[in-house]
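Protein chains in written order, with the working numbering: chain R, 17 to 273; chain Y, 5 to 99.
Calculated directly from the structure, the hints in this document are not laboratory data.
Please note that the accuracy of each hint is not assured.
What the hints assert, rightly or not - Partial chain R-side listing against chain Y, Cβ under 10 Å, derived:
1. P149
2. P186
3. K188
4. P250
5. V252
6. R256
7. E262
8. R264
For glycine and all other residues, C-beta sits at the position ideal for the given N, C-alpha and C.
In case you want the letters, here they are:
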Amino acid sequence: MTALFGRAWRVVATALAFAVFGVGGAALGVVGAPLLALSTVDARVRQRRVQRAIHLSCRFFVWMMRTLGLLSYRVSGGERLLGCGRLIAANHPSLIDAVFLLALMPSVDCIAKRALWRNPFLGAVIRWAGYIPNLDAGQLLSECEHRLRAGRCLLVFPEGTRSVPGRHLPLKRGLARLALRSGAPIVPVCIECRPPTLTKGSPWYRVPPVRPQWTIEVGEPLWPRALVPEGLDPPVAARRLTREIERRLGLASPAPV
Amino acid sequence: MLDRSTILEHLRGLLADMFEIEPQRITPAARLSEDLDIDSIDAIDLLLRLKEMTGQRIPAEAFKRVRTVADVIAVLQPLLPADRVAAASQGSPPT
């Protein structure tokens, strides 16, 4: 009986959390970020301040979800996320992976897919934050390389989209291409959610029978040029590096459910 | 103009070399993305190599509609007089 009650509560609390997220995102985009923009004429400073506001909001949001009894979480190696010019590469089992990572990083650039730019709740704030649109491949690569060389950290999900429980997606080679061109270290992040929650195709109200736990393990940085032989042409080097990253992240084998 | 099967041979060698694809998988019907795992960044590198190989400007627009190996051959065929390709495959720049 208590289990049923707990699950029912979590459905209600999930609805509440989605509402808070939507309203909060819109408020940041329409009020918060524009106000912050008044504080400086430098676009980069403005973007960092907006990103910091996003970071604090995500920290609050994660705290709220835990306090409402929606989830628990465990982070290890979080300090490896801090530093300059790093490529943060995480797998992507659930809808809120980015929220956890943004809660852990005061300032990071993200690649945002096309649909997000038109999203009524988040479109405005991601513009103010200076996130990178996922447009033409060549332009995307150049822009990302530019940011890394300027010392910015980049958050990427190399699977490209949320994976399905029990099966990782093959990694897209953009990560390897970018790492090899820029020389930036890759910080691998392994995210697990047990039982699987907010996965691709699963509706928001399908909460699991027990409170889910997210585990976020941040690994040691990988140095791309050390992982592939010298002198390979870029397409081949990117393929070898991608396989090596998959191997090290344990993505070559089926994911635990 | 070169005939399609000759172009296919040259293209097969190029793709196998550039992207580590087994040559037998490179057929005219093979789709670049779904069958041969040639992504959009690979396509940029491929276009550059093809420009070098033919010594001609290949507009990116023409290449954007390319989906299969046969489509690539169709783009290349008008650009490949026999002597150019012979020079290119020997590694010397086309005159």
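Hint check:
no., hint, verdict
1, P149, "15 Å, violated"
2, P186, "9 Å, holds"
3, K188, "7 Å, holds"
4, P250, "6 Å, holds"
5, V252, "6 Å, holds"
6, R256, "9 Å, holds"
7, E262, "14 Å, violated"
8, R264, "20 Å, violated"
Going down the numbered hints, you'll see the structure goes against 1, 7, 8, while the others check out.
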